[in-house]
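Chain by chain, the residues run as shown.
Number of protein chains: 2
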Amino acid sequence: MAYPTQVIRNVRPMGGTAVDVLVSNGKIDSIAPAGSASGELPTLAEGNGQLLLPALVEGHVHLDKTLWNAPWRPNSAGPTRWDRITNEHAVLRDEVHMPIAERAGPLIEHCIARGSLYIRSHVDAQTLLGRRHIEDMLAMRQRYAHLVDLQFVSFPQGGMLIAPGTTALMEQALEMGVDIVGGIDPAAMDRDPIRALETIFGMAQRFDRPIDIHLHDLADLGRWEIERICDFTQEYGMQGRVVISHAYCLGAFPAADLHPLADRLSGLGITILTCVPMHFTVPPVAMLRSRGVNVAAGSDGIRDAWGPTGNGDMLERAMFLALRYGWSKDEQLADALDVVTHGGAKALGLFDYGLVPGCAANLVLVPAENVAEAVIDRSPRRTVISRGRIVARDGVFLGT
Amino acid sequence: MAYPTQVIRNVRPMGGTAVDVLVSNGKIDSIAPAGSASGELPTLAEGNGQLLLPALVEGHVHLDKTLWNAPWRPNSAGPTRWDRITNEHAVLRDEVHMPIAERAGPLIEHCIARGSLYIRSHVDAQTLLGRRHIEDMLAMRQRYAHLVDLQFVSFPQGGMLIAPGTTALMEQALEMGVDIVGGIDPAAMDRDPIRALETIFGMAQRFDRPIDIHLHDLADLGRWEIERICDFTQEYGMQGRVVISHAYCLGAFPAADLHPLADRLSGLGITILTCVPMHFTVPPVAMLRSRGVNVAAGSDGIRDAWGPTGNGDMLERAMFLALRYGWSKDEQLADALDVVTHGGAKALGLFDYGLVPGCAANLVLVPAENVAEAVIDRSPRRTVISRGRIVARDGVFLGT
Chain W
14 MAYPTQVIRN VRPMGGTAVD VLVSNGKIDS IAPAGSASGE LPTLAEGNGQ LLLPALVEGH
74 VHLDKTLWNA PWRPNSAGPT RWDRITNEHA VLRDEVHMPI AERAGPLIEH CIARGSLYIR
134 SHVDAQTLLG RRHIEDMLAM RQRYAHLVDL QFVSFPQGGM LIAPGTTALM EQALEMGVDI
194 VGGIDPAAMD RDPIRALETI FGMAQRFDRP IDIHLHDLAD LGRWEIERIC DFTQEYGMQG
254 RVVISHAYCL GAFPAADLHP LADRLSGLGI TILTCVPMHF TVPPVAMLRS RGVNVAAGSD
314 GIRDAWGPTG NGDMLERAMF LALRYGWSKD EQLADALDVV THGGAKALGL FDYGLVPGCA
374 ANLVLVPAEN VAEAVIDRSP RRTVISRGRI VARDGVFLGT
Chain B
14 MAYPTQVIRN VRPMGGTAVD VLVSNGKIDS IAPAGSASGE LPTLAEGNGQ LLLPALVEGH
74 VHLDKTLWNA PWRPNSAGPT RWDRITNEHA VLRDEVHMPI AERAGPLIEH CIARGSLYIR
134 SHVDAQTLLG RRHIEDMLAM RQRYAHLVDL QFVSFPQGGM LIAPGTTALM EQALEMGVDI
194 VGGIDPAAMD RDPIRALETI FGMAQRFDRP IDIHLHDLAD LGRWEIERIC DFTQEYGMQG
254 RVVISHAYCL GAFPAADLHP LADRLSGLGI TILTCVPMHF TVPPVAMLRS RGVNVAAGSD
314 GIRDAWGPTG NGDMLERAMF LALRYGWSKD EQLADALDVV THGGAKALGL FDYGLVPGCA
374 ANLVLVPAEN VAEAVIDRSP RRTVISRGRI VARDGVFLGT
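First to last, the sequence lines map onto chains W and B. So the mapping is simple: this note's numbering equals the position in the first sequence, first residue as 1, plus 13. So the mapping is simple: this note's numbering equals the position in the second sequence, first residue as 1, plus 13.
These are computed hints drawn from the structure, not numbers from a lab. A couple of the hints might just be wrong.
Copies of one chain are not kept apart here, so a pair can be met inside one copy or by any two copies together.
Simulated crosslink set (SDA-like; lysine to any residue; CA at most 20 angstroms straight-line) [said to hold, decoys possible]:
no. : residue 1 : residue 2
1   : 342       : 85
2   : 342       : 293
3   : 342       : 292
4   : 40        : 157
5   : 342       : 211
6   : 342       : 103
7   : 359       : 372
8   : 342       : 18
9   : 359       : 27
10  : 40        : 363
11  : 342       : 44
12  : 342       : 80
13  : 40        : 241
14  : 359       : 304
Please read these numbers as outputs of a predicted model, since none were measured by experiment.
The whole structure should be built from the sequences, with the hints applied where relevant.
Next comes the structure, spelled out in structure tokens:
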């Protein structure tokens, strides 16, 4: 259906001069000086000089496992990654009986109210869990399709080569509608990194899908794997379609030592995605960006069996970037915002993203003087516009 | 004046069983099972089963320098600590003309609304700034005396021995009503650590005041200084009255190597205070606490010329502890809360602090199931009770 042209009046894109934004058919139609749009056009939102941002991009989350909206559950995981995986099995299979829809649904609504209208979620492909997570998350995507763009990664949380049946389940997931081929620690988890990468890239090639690999492996091991992912990206012609999530390993080296690798990542269009952990090493984001590497960010798990933290607020995640890297200048805070907006958009392969005519009218109004203050403040009182419709006001989700 | 007995009905201290708390004369009078307090007694607050916490303790902040409530100001400091100090001079002396009262006042009110009713603020003693910060902050204390306990540290931000006139100004500050003797990096800043410590401890002894020293010096240098601070604490009989703020250096060593030093700190009652920086090394809080060392926390600068971050929310600071140390268990989240409550209270030398009869009725009601959720959630919708009076409701300060 066609919508009439409507006006978002008196907003300041990225903190700049006040403008009126004309919206029609869910897209930005044109941008004119504030006050110049005809008073006869219906008002979509009265901005009162608020900051206008493109919708935030949640680049890495595990919606299918969240315990959001469930009663508080003390964390019961052991200390190792494998402990956490087996603990999660027990929790999700045997203990939590609240359906995914009642946990992931409210979390999606919360993310929307915080301004994330593009969300890439990993969805477990584990034989122990069967197709439940996949089916339930595809139903979630259906339910929220008019409000938010959900991308799903087929994610072998319990390992791929080491868990018989997993690659078949991953392929099934892709056939069912999951978008992206996932992977996890080809060396430490799958124990045969080259065969693991052959499997991942082969699957991506057969299904013509992008790739998003969890890489927790540390220091030299992880760095070696990133070099191999570069090799495979080149060999399989997957330039611009590969994301490496976490990449803690890159934090183990002086940034300058990584210039050649950064240049290679940049040339191959590989995104480095960080969830900004505070107790692991983190990739040198500023250096990577200065060499042209795209960097995106995500929340990772939100209140799940792995850990209790996380709230899906990508402005807060931008502030975490500032804290983690000691960024205090306005330009640096703008960089942090760029990671959770344009960096995410590039990682997700969005083509109509931004604040120029023709882009989707997926927008956030924030009560802040400028981008720097928006990041520092993280005011929840945001007005969120999805495809030209207001979906949250003052931080409150308006309903499906 | 005497207040009649009032009741906080149906609250759960630290997430435990629901109780009624009887309050009179600004103190906790008694605690009884929920519903058992006479309906004839006036209701101070209807808790509806909310969590009851003792007031939060802000252990380290620089209220006198905040730019809170001022228009956004891009950070202009250079990269070194000395750059930041000289930049701050220029900003506070020559550029910001908004009085301290209009910046620190609203920030104090914000801290109160977030539940901090005990605040230790450093106040610059710098000859370049004269007595202005000292006088203005003493006036602030006067203005908010009925709402919040403010402790001030005479803080030689620009160095003590290296800046002629500073020790005299610090002594003047103590005479004027500032409570605590400060210090900063006896080695790196003052360049003569033993004479600096003699000056600090000598001043504390003459005025019979506690000590709170900023220690940014890193790794072996900082550790050596902590050992010397232990020596001086012992020699001057200052057990239980010394706080070492920041102590980044302790994060440079395997925690187990520091056991002997931790035992010494514990024996001398020296508090280690951290502001939980995300881009410096941090002291091993769990190990220190396990050896009996008191640990407190603070916000450090809040939106000042040093940096734009900070919001004075000590529940958020507790969450930062969890993030920084990878704490995910309920016991660990309770430890984080303990640092910003009882740990702070011990650092500040409070004697009537806690949730038992006889303690000051300085309390926070939080909409959370338990302590762990309170820390993770950081809900701003807190009800704050100061000496038996409600001073903030749903996170909104009710006025002086």
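Now for the hints, and whether the structure bears them out:
no., hint, verdict
1, 342 <-> 85, "between (38 angstroms within a copy, 12 angstroms between copies)"
2, 342 <-> 293, "between (24 angstroms within a copy, 18 angstroms between copies)"
3, 342 <-> 292, "between (24 angstroms within a copy, 15 angstroms between copies)"
4, 40 <-> 157, "within (19 angstroms within a copy, 52 angstroms between copies)"
5, 342 <-> 211, "neither (43 angstroms within a copy, 38 angstroms between copies)"
6, 342 <-> 103, "between (45 angstroms within a copy, 17 angstroms between copies)"
7, 359 <-> 372, "within (14 angstroms within a copy, 56 angstroms between copies)"
8, 342 <-> 18, "neither (38 angstroms within a copy, 52 angstroms between copies)"
9, 359 <-> 27, "within (18 angstroms within a copy, 45 angstroms between copies)"
10, 40 <-> 363, "within (14 angstroms within a copy, 59 angstroms between copies)"
11, 342 <-> 44, "neither (29 angstroms within a copy, 50 angstroms between copies)"
12, 342 <-> 80, "between (36 angstroms within a copy, 15 angstroms between copies)"
13, 40 <-> 241, "neither (40 angstroms within a copy, 66 angstroms between copies)"
14, 359 <-> 304, "within (16 angstroms within a copy, 49 angstroms between copies)"
In summary, the structure is inconsistent with hints 5, 8, 11 and 13 from the numbered list given earlier, while agreeing with the others.
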